[in-house]
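Line by line, the protein sequences are chains A and W.
Position in the first sequence (from 1) plus 193 gives the number in the working numbering.
Position in the second sequence (from 1) plus 193 gives the number in the working numbering.
Certain hints may be false.
[Unchecked claim] With a straight-line Cα cutoff of 27 Å, these simulated DSS-like cross-link-like pairs (lysine-lysine) come out: (1) W:Lys195 x A:Lys291; (2) A:Lys317 x W:Lys195; (3) W:Lys278 x A:Lys299; (4) A:Lys274 x W:Lys291; (5) W:Lys299 x A:Lys278; (6) A:Lys291 x A:Lys316; (7) A:Lys299 x W:Lys274; (8) W:Lys291 x A:Lys312; (9) W:Lys299 x A:Lys317; (10) W:Lys278 x A:Lys316; (11) W:Lys316 x A:Lys291; (12) W:Lys299 x A:Lys291; (13) W:Lys195 x A:Lys299; (14) W:Lys291 x A:Lys278; (15) W:Lys291 x A:Lys285; (16) W:Lys316 x A:Lys299; (17) W:Lys195 x A:Lys274; (18) A:Lys291 x W:Lys274; (19) A:Lys195 x W:Lys291; (20) W:Lys299 x A:Lys274; (21) A:Lys285 x A:Lys299; (22) W:Lys278 x A:Lys291; (23) A:Lys316 x W:Lys291; (24) A:Lys285 x W:Lys299; (25) A:Lys195 x W:Lys317.
Calculated from the structure, these hints are not laboratory results.
Protein chains: 2
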Amino acid sequence: MKHYSKQREAILEVLRSTDTHPTANWIYEKVRERIPNIRLGTVYRNLSGLTADGEILQIEVGDGFEHFDGDISPHLHLYCKECEKIFDQSLKSDYISKVANESGFKTDTTIYVAYGICKNCNKKIN
Amino acid sequence: MKHYSKQREAILEVLRSTDTHPTANWIYEKVRERIPNIRLGTVYRNLSGLTADGEILQIEVGDGFEHFDGDISPHLHLYCKECEKIFDQSLKSDYISKVANESGFKTDTTIYVAYGICKNCNKKIN
DNA sequence: CCTAAATCAGTAATGATTACTATTTTATTA
DNA sequence: TAATAAAATAGTAATCATTACTGATTTAGG
Chain A
194 MKHYSKQREA ILEVLRSTDT HPTANWIYEK VRERIPNIRL GTVYRNLSGL TADGEILQIE
254 VGDGFEHFDG DISPHLHLYC KECEKIFDQS LKSDYISKVA NESGFKTDTT IYVAYGICKN
314 CNKKIN
Chain W
194 MKHYSKQREA ILEVLRSTDT HPTANWIYEK VRERIPNIRL GTVYRNLSGL TADGEILQIE
254 VGDGFEHFDG DISPHLHLYC KECEKIFDQS LKSDYISKVA NESGFKTDTT IYVAYGICKN
314 CNKKIN
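Take the sequences, apply the hints, and build the full model.
Printed below as a string of structure tokens:
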């Protein structure tokens, strides 16, 4: 990722314009509204580059899809196993980073995921 | 996962006998030494069941493979982008779980992943 | 023992992601 | 602003980790 491209720019804008954690395909469909003949491969290539550059986060919750996040601040991802949605929760400190660096590991990205049942689903079930 | 099976038992034992974070295929090769005609599909099915039952953890680090962990205590996974290995580090408290539950989310599993460069690779590079 | 449900071996299919190539776009330098 | 090399893209094809299917086997409980 050494050069600017309008495709990369559009992908980044789409990702930053949502507070969900979309898949590559979702991003592809959105970007296609602006750049109709963009290819899914281009979206994947840029998402990989943006992740490597630390401009976005890649989140995996075990549902078979890679999810992407335009918010790179350290925060908690709550994955509800009932509705299969990802919720965000802010964190006061980057706990992981501190612990990791104490042991000589140079951290540049931290991912926090909790699995369980969200507030809403809890009401419905019980 | 309501019934016992020797396949499930063997898979769990293999996973608990290592402190690495193997892939389904690695586990398959190991279990095959004991049960020669077990199938990869059986390994996958059992790993999914064991994960759902909370007996093992499923860790994803963005390398295209699902990794499994027989240690279900909350701990930190350090993924070195240089040597592509996963290191463990114990945690004094399950920070995520506390924060999540405060907001009404019922957590049953927490995953901590830090990306960066490990101690050894740091020496080699610099 | 018997039965029903769960799991398995064996095999085939799926589909998210990656790879490839010729063309176009970008950054740089003169 | 033209020339050049490197990087990115469109278009297409391939990969391969994972899941799905089916008939046979194993398990749990009475």
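#### Entry: Unmet hints by their number, sorted upward, for this structure
Structure breaks hints 1, 6, 10, 13 and 19.
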